[in-house]
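Modelling step: build the complete structure from the supplied sequences, incorporating the hints.
Protein chains: 2
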Amino acid sequence: MTIIESRVDSEIDILTLQLQQLIRVPSVSAKKQSTVMECAKLVSEIMIKSGIKSEILTFDDNSEQIPPIVYGEVRSKSNPNGKTILFYNHYDVQPPEPIELWDDDPFSGKIDGNFIFGRGASDDKGELITRIKAVEYFLKEVGDVPCNVKFIVEGEEEIGSSHLQEYLTKYRKKFHCDAVIWEFGYIDEHERPIISLGMKGLLCVELNVKCANADLHSSLAVLVENPAWRIVHALKTIRDENGTILIKNWHNDIRDFLPEELDCIKQEDFDISDFKKNYELTKIFNENDIEKIKKASVGGVTSNISGLLSGYIDEGSKTVLPSTAMAKLDFRLVPNMIPQKQFQLLREHLYKNGFKDIELKFLSGEPACRIPVDNEFVKLVESCAIEEYGKVVKSISSAGTGPMWYFNKILQCPCVSIGCTYKYSRIHSPNEFARIDLIKRTTNCIGNIIEKFGDSKK
Amino acid sequence: MTIIESRVDSEIDILTLQLQQLIRVPSVSAKKQSTVMECAKLVSEIMIKSGIKSEILTFDDNSEQIPPIVYGEVRSKSNPNGKTILFYNHYDVQPPEPIELWDDDPFSGKIDGNFIFGRGASDDKGELITRIKAVEYFLKEVGDVPCNVKFIVEGEEEIGSSHLQEYLTKYRKKFHCDAVIWEFGYIDEHERPIISLGMKGLLCVELNVKCANADLHSSLAVLVENPAWRIVHALKTIRDENGTILIKNWHNDIRDFLPEELDCIKQEDFDISDFKKNYELTKIFNENDIEKIKKASVGGVTSNISGLLSGYIDEGSKTVLPSTAMAKLDFRLVPNMIPQKQFQLLREHLYKNGFKDIELKFLSGEPACRIPVDNEFVKLVESCAIEEYGKVVKSISSAGTGPMWYFNKILQCPCVSIGCTYKYSRIHSPNEFARIDLIKRTTNCIGNIIEKFGDSKK
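Quick mapping for you: the protein sequence lines, in order, are chains A and B.
Here the first sequence stands for residues 9 to 466, numbered as in our numbering.
Here the second sequence stands for residues 9 to 466, numbered as in our numbering.
Hints are supplied without guarantee of correctness; some may be wrong.
[Said to hold, decoys possible] Taking lysine-lysine pairs in the BS3-like style, the calculated list, with each CA pair at most 30 Å apart, reads:
(1) A:LYS364 to B:LYS364
(2) B:LYS360 to A:LYS369
(3) A:LYS244 to B:LYS218
(4) B:LYS360 to A:LYS300
(5) A:LYS360 to B:LYS57
(6) A:LYS300 to B:LYS218
(7) B:LYS218 to B:LYS49
(8) B:LYS369 to A:LYS291
(9) B:LYS39 to A:LYS218
(10) A:LYS244 to B:LYS244
(11) B:LYS300 to A:LYS360
(12) B:LYS302 to A:LYS465
(13) B:LYS369 to A:LYS244
(14) A:LYS244 to B:LYS349
(15) B:LYS364 to A:LYS244
(16) B:LYS284 to A:LYS244
(17) A:LYS244 to B:LYS300
(18) A:LYS364 to B:LYS349
(19) A:LYS302 to B:LYS218
(20) A:LYS364 to B:LYS244
(21) A:LYS218 to B:LYS369
(22) B:LYS39 to A:LYS244
(23) A:LYS284 to B:LYS256
(24) A:LYS364 to B:LYS285
(25) A:LYS369 to B:LYS244
(26) A:LYS284 to B:LYS49
(27) B:LYS285 to A:LYS285
(28) A:LYS460 to B:LYS349
(29) A:LYS303 to B:LYS218
(30) A:LYS218 to B:LYS303
(31) A:LYS291 to B:LYS256
(32) A:LYS360 to B:LYS39
(33) A:LYS284 to B:LYS218
(34) B:LYS285 to A:LYS291
(35) A:LYS218 to B:LYS417
(36) B:LYS369 to A:LYS284
(37) A:LYS218 to B:LYS284
(38) B:LYS349 to A:LYS218
(39) B:LYS291 to A:LYS244
(40) A:LYS39 to B:LYS218
None of these hints come from the bench; they were simulated from the model.
What follows is the structure in structure tokens.
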């Protein structure tokens with residue numbers, strides 16, 4: 009029984025109400041909507057209501073375009089010189105498109121039994137609320153927190169945390185802490201929290217080609233090059249049909265798995281049939297090699313086409329030779345790949361393969377990060393998660409990306425993922441949801457981590 | 009001096025006003041708008057005002073979705089058993105997209121000096137009005153026409169004339185004629201009308217792939233196939249970087265050029281630098297081989313990507329693994345390729361190359377057609393065009409497509425292209441326009457053809 013457990017139960021309706029409030033402010037950072045700032049203010053208000061000192065940190069007075077960081081802090085009265093835990097979250101969300109595939113408004117916050125729906129329900133507004141509430145319940149129960157607590161809630165996570173590195177550098181002293189709880193954490197199909205100790209890196213680029221000065225009649229295709237064909241022929245040189253990246257020297261900087269990382273991978277499991285069933289897939293890569301699949305999940309690089317556009321895309325046919333074609337690609341990176349360096353390799357690849365006419369744009373880049381498996385804070389989080397859920401899975405890295413590398417480098421402390429996001433909760437997809445039962449259990453688990461961290465030696 | 013010449017000059021304002029009226033009814037057949045039917049009625053009204061008997065022919069009482077044919081007829085009083093000329097035109101237009109690239113509303117009909125702007129200004133409302141007016145002016149000047157005149161104005165030309173074959177079969181007797189003036193005709197950069205004697209064929213298809221049941225987080229790309237990559241890898245097997253189609257047996261049925269066709273090609277010219285300048289192109293295929301360029305224009309096959317769509321296409325990045333990808337392709341065909349047979353070759357190609365997961369849809373198909381170079385009606389049109397313009401170019405085929413094959417086969421008579429469309433008038437592109445000076449000259453030329461055809465022996 010944790011200190012906050014009874015409040016987690018009795019105040020769940022207020023928690024879900026505030027989560028609905030958060031979901032209903034569409035904070036799509038990719039679209040630079042004014043509601044992004046509105047959401048930052050709401051987060052700050054909710055913190056203050058919870059007894060957390062909060063302020064809105066801007067990056068630069070002259071750059072109103074850059075979403076602020078919502079900062080929160082509670083100093084322990086009983087243990088002011090003890091350890092400090094920092095919760096890292098974000099209030100921005102992915103674009104809701106394709107909107108027609110949502111059963112309700114993407115920002116409805118609709119509750120249906122154990123489920124709460126909407127863009128950001130899990131990623132990351134659901135995670136954020138569990139942490140704010142764990143602190144609030146502590147303050148209500150005992151009038152104090154057992155360790156110092158800080159919050160960083162950023163507004164650019166979904167667009168590659170473009171300014172987080174600068175924010176961390178600028179506010180390094182303010183953000184000083186001993187450990188970071190990462191912005192998300194998955195719960196797998198067997199109700200086990202996945203304690204994740206790393207993030208892959210990411211490089212997002214856009215390719216654009218222009219051929220003629222306007223869309224032309226397609227009868228001219230006999231003489232005029234088609235930009236969509238240029239994009240197709242450029243793309244096919246980047247990745248083969250089995251998913252292998254064909255760019256020269258692309259894999260050079262990748263560091264091998266450490267022995268303890270390989271041990272960790274061995275202990276993980278992966279339910280292929282469950283995974284396939286959930287996404288209605290007829291096959292996945294390396295289906296007959298479970299070790300390959302597990303290694304790829306935590307340490308495999310990818311080249312993903314996230315967007316493709318040229319010409320006429322409506323109903324029926326239009327015999328047009330498009331003037332432009334566009335492709336968006338994202339590449340997952342692993343330790344020790346440097347996004348800017350990989351971008352140069354891609355640029356050189358396109359040049360050497362005769363695609364100088366393709367304009368290559370760097371959209372964003374983040375390096376990968378992995379926290380050592382045997383770190384003390386990792387063990388603490390693991391024990392708290394076992395107390396709540398009975399069992400855990402430890403993973404050396406998420407398949408996804410976040411700015412963990414910057415935290416680890418600038419604040420010089422371990423970062424651990426633990427959270428309430430059900431593995432199949434459709435984050436980044438239509439009909440994203442959060443499970444209220446997992447929100448409750450994870451709030452409780454976060455309370456336990458705060459409690460145990462207060463006890464741990466400085 | 010032709011019979012109608014003075015009226016062509018004095019009534020040009022009424023002509024342009026009626027052309028504006030036609031442009032302002034957006035008759036985009038691809039979108040199945042109700043305005044398609046509205047435009048058919050307007051064409052019929054304009055014919056009746058001009059003294060042409062007109063009726064609206066429907067394909068089938070049960071199929072309201074199919075645009076009707078506007079039929080027009082004037083029987084010669086002085087020569088009722090003489091020859092019959094048939095004008096083939098269409099009242100439907102291409103979609104105006106991308107709309108943001110138009111300087112004005114695509115359906116404005118705005119007049120600026122010698123230019124009249126709007127979708128359909130040249131293709132095909134501009135051409136249609138010259139023919140109606142030539143007949144009207146004859147009736148006004150002499151109270152008769154020297155030969156019988158018929159009009160077929162269809163509403164599905166821009167979507168592959170899907171039902172024209174059936175219309176021609178059903179109304180074969182009504183449409184009986186001795187020669188057809190085709191729906192368009194180009195005027196080149198040296199003010200020479202191009203008398204075109206053929207059309208390429210066309211096969212339009214759509215490729216669709218679905219991988220997962222919804223858009224996924226792109227971190228899953230390590231396990232889940234991406235439909236955009238499937239489309240890219242399928243497309244790259246269809247055409248190489250030089251434009252050559254790689255589908256097995258694709259070129260088998262193509263008939264060689266006849267000696268008289270090769271003569272005709274030799275006499276044509278092609279201004280490479282003018283062409284490149286007009287479309288702001290840095291290069292074209294086979295730039296250093298003018299003979300290849302000329303042969304390709306009239307007799308080359310193509311594979312053109314007219315549309316490409318997958319995933320997130322808005323500003324910035326979204327780390328999404330799309331659930332679907334789509335490509336639209338059009339293939340220009342030449343005599344004696346059969347669209348349905350070529351479609352089967354494409355299907356087999358995709359199957360044999362491992363793309364059974366790609367759904368292949370037949371959108372439309374039309375065979376190619378060429379009228380013999382030495383036909384009598386060709387000579388008559390040529391002499392009339394020389395009288396008006398001083399010089400002509402004779403081309404064995406347009407680079408574009410139309411249902412000439414059906415006319416030639418079902419009505420069993422020659423079809424010749426002669427018209428008022430300036431070569432660079434941006435048909436199918438933003439800011440399409442027609443030149444009023446060419447409309448006047450071509451109306452006069454059409455009048456001359458009617459006059460001479462009335463004199464020619466049955």
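Status of each hint after checking the structure:
1. Between LYS364 (chain A) and LYS364 (chain B) the CA atoms are separated by roughly 33 Å; this puts the pair beyond 30 Å, and the hint is violated.
2. Between LYS360 (chain B) and LYS369 (chain A), the direct Cα distance comes to roughly 36 Å. Violation of the 30 Å bound is thereby established for this hinted pair.
3. Our distance criterion of 30 Å between C-alpha atoms is met by LYS244 (chain A) and LYS218 (chain B), whose separation comes to about 19 Å.
4. A threshold of 30 Å between alpha carbons decides the hint, and for LYS360 (chain B) with LYS300 (chain A) the separation of about 29 Å falls inside it, so the pair holds.
5. The hinted pair formed by LYS360 (chain A) and LYS57 (chain B) fails the criterion: a straight-line CA distance of about 65 Å is larger than 30 Å.
6. Between LYS300 (chain A) and LYS218 (chain B) the CA atoms are separated by roughly 25 Å; this keeps the pair inside 30 Å, and the hint holds.
7. Between LYS218 (chain B) and LYS49 (chain B) the CA atoms are separated by roughly 42 Å; this puts the pair beyond 30 Å, and the hint is violated.
8. Our distance criterion of 30 Å between C-alpha atoms is met by LYS369 (chain B) and LYS291 (chain A), whose separation comes to about 24 Å.
9. About 27 Å separates the Cα atoms of LYS39 (chain B) and LYS218 (chain A), which keeps this hinted pair within 30 Å; it holds.
10. For the hint linking LYS244 (chain A) to LYS244 (chain B), the alpha-carbon distance of about 7 Å falls within 30 Å, and the restraint holds.
11. Among the hinted pairs, LYS300 (chain B) with LYS360 (chain A) is consistent with the structure: their alpha-carbon atoms are about 29 Å apart, no more than 30 Å.
12. The straight-line distance between the Cα atoms of LYS302 (chain B) and LYS465 (chain A) is roughly 84 Å, outside the 30 Å bound, and the hint therefore fails.
13. Distance hint between LYS369 (chain B) and LYS244 (chain A) is fulfilled; the C-alpha atoms sit about 23 Å from each other, no more than 30 Å.
14. For the proposed pair LYS244 (chain A) and LYS349 (chain B), the alpha carbon gap of about 28 Å is at most 30 Å, so the pair holds.
15. Of the supplied pair hints, the one linking LYS364 (chain B) and LYS244 (chain A) holds, its CA atoms being roughly 19 Å apart against a limit of 30 Å.
16. A threshold of 30 Å between alpha carbons decides the hint, and for LYS284 (chain B) with LYS244 (chain A) the separation of about 28 Å falls inside it, so the pair holds.
17. Distance hint between LYS244 (chain A) and LYS300 (chain B) is fulfilled; the C-alpha atoms sit about 28 Å from each other, no more than 30 Å.
18. The hinted pair formed by LYS364 (chain A) and LYS349 (chain B) fails the criterion: a straight-line CA distance of about 38 Å is larger than 30 Å.
19. Restraint check for LYS302 (chain A) and LYS218 (chain B): the C-alpha separation of about 25 Å stays at or below 30 Å, so the hint holds.
20. With a C-alpha separation of about 19 Å, the suggested pairing of LYS364 (chain A) with LYS244 (chain B) holds against the 30 Å cut-off.
21. Distance restraint check for LYS218 (chain A) and LYS369 (chain B): the Cα-Cα separation of roughly 28 Å lies within the 30 Å cut-off, and the hinted pair is therefore satisfied.
22. With a CA separation close to 33 Å, the supplied pair LYS39 (chain B) and LYS244 (chain A) exceeds the 30 Å bound.
23. The hinted pair formed by LYS284 (chain A) and LYS256 (chain B) fails the criterion: a straight-line CA distance of about 35 Å is larger than 30 Å.
24. Pair hint LYS364 (chain A) plus LYS285 (chain B) holds up; C-alpha atoms about 21 Å apart against a cutoff of 30 Å.
25. Simply put, LYS369 (chain A) and LYS244 (chain B) have alpha-carbon atoms about 23 Å apart, close enough for the 30 Å limit, and the pair holds.
26. Straight-line distance between C-alpha atoms of LYS284 (chain A) and LYS49 (chain B) comes to about 55 Å, which puts the hinted pair past the 30 Å bound.
27. Distance restraint check for LYS285 (chain B) and LYS285 (chain A): the Cα-Cα separation of roughly 55 Å exceeds the 30 Å cut-off, and the hinted pair is therefore not satisfied.
28. With a C-alpha separation of about 74 Å, the suggested pair LYS460 (chain A) and LYS349 (chain B) falls outside the 30 Å cut-off, and the hint is violated.
29. The straight-line distance between the Cα atoms of LYS303 (chain A) and LYS218 (chain B) is roughly 26 Å, inside the 30 Å bound, and the hint therefore holds.
30. With a C-alpha separation of about 26 Å, the suggested pairing of LYS218 (chain A) with LYS303 (chain B) holds against the 30 Å cut-off.
31. Distance restraint check for LYS291 (chain A) and LYS256 (chain B): the Cα-Cα separation of roughly 29 Å lies within the 30 Å cut-off, and the hinted pair is therefore satisfied.
32. For a cut-off of 30 Å, the pair hint linking LYS360 (chain A) to LYS39 (chain B) is broken: about 43 Å separates their Cα positions.
33. A C-alpha spacing of about 14 Å is found between LYS284 (chain A) and LYS218 (chain B), which places the hinted pair at or below 30 Å, so the restraint holds.
34. Only pairs whose Cα atoms come within 30 Å are accepted, and LYS285 (chain B) paired with LYS291 (chain A) is rejected, the gap being roughly 50 Å.
35. At most 30 Å may separate the alpha-carbon atoms for a hinted pair to count; LYS218 (chain A) and LYS417 (chain B) exceed this at roughly 41 Å.
36. Restraint check: the Cα-Cα separation between LYS369 (chain B) and LYS284 (chain A) comes to about 27 Å, which is no more than 30 Å; the hinted pair holds.
37. Between the alpha carbons of LYS218 (chain A) and LYS284 (chain B) the distance comes to roughly 14 Å, so the proposed pair stays at or under 30 Å and holds.
38. Proposed proximity of LYS349 (chain B) and LYS218 (chain A) is contradicted: the alpha carbons are some 33 Å apart, above 30 Å.
39. Taken as a hint, the LYS291 (chain B) and LYS244 (chain A) pair is honoured in the structure, with Cα atoms around 23 Å apart against an allowance of 30 Å.
40. Using a Cα cut-off of 30 Å, the hinted pair LYS39 (chain A) and LYS218 (chain B) holds, with the two alpha carbons roughly 27 Å apart.
Violated hints for the displayed structure, listed by number in ascending order: 1, 2, 5, 7, 12, 18, 22, 23, 26, 27, 28, 32, 34, 35 and 38.
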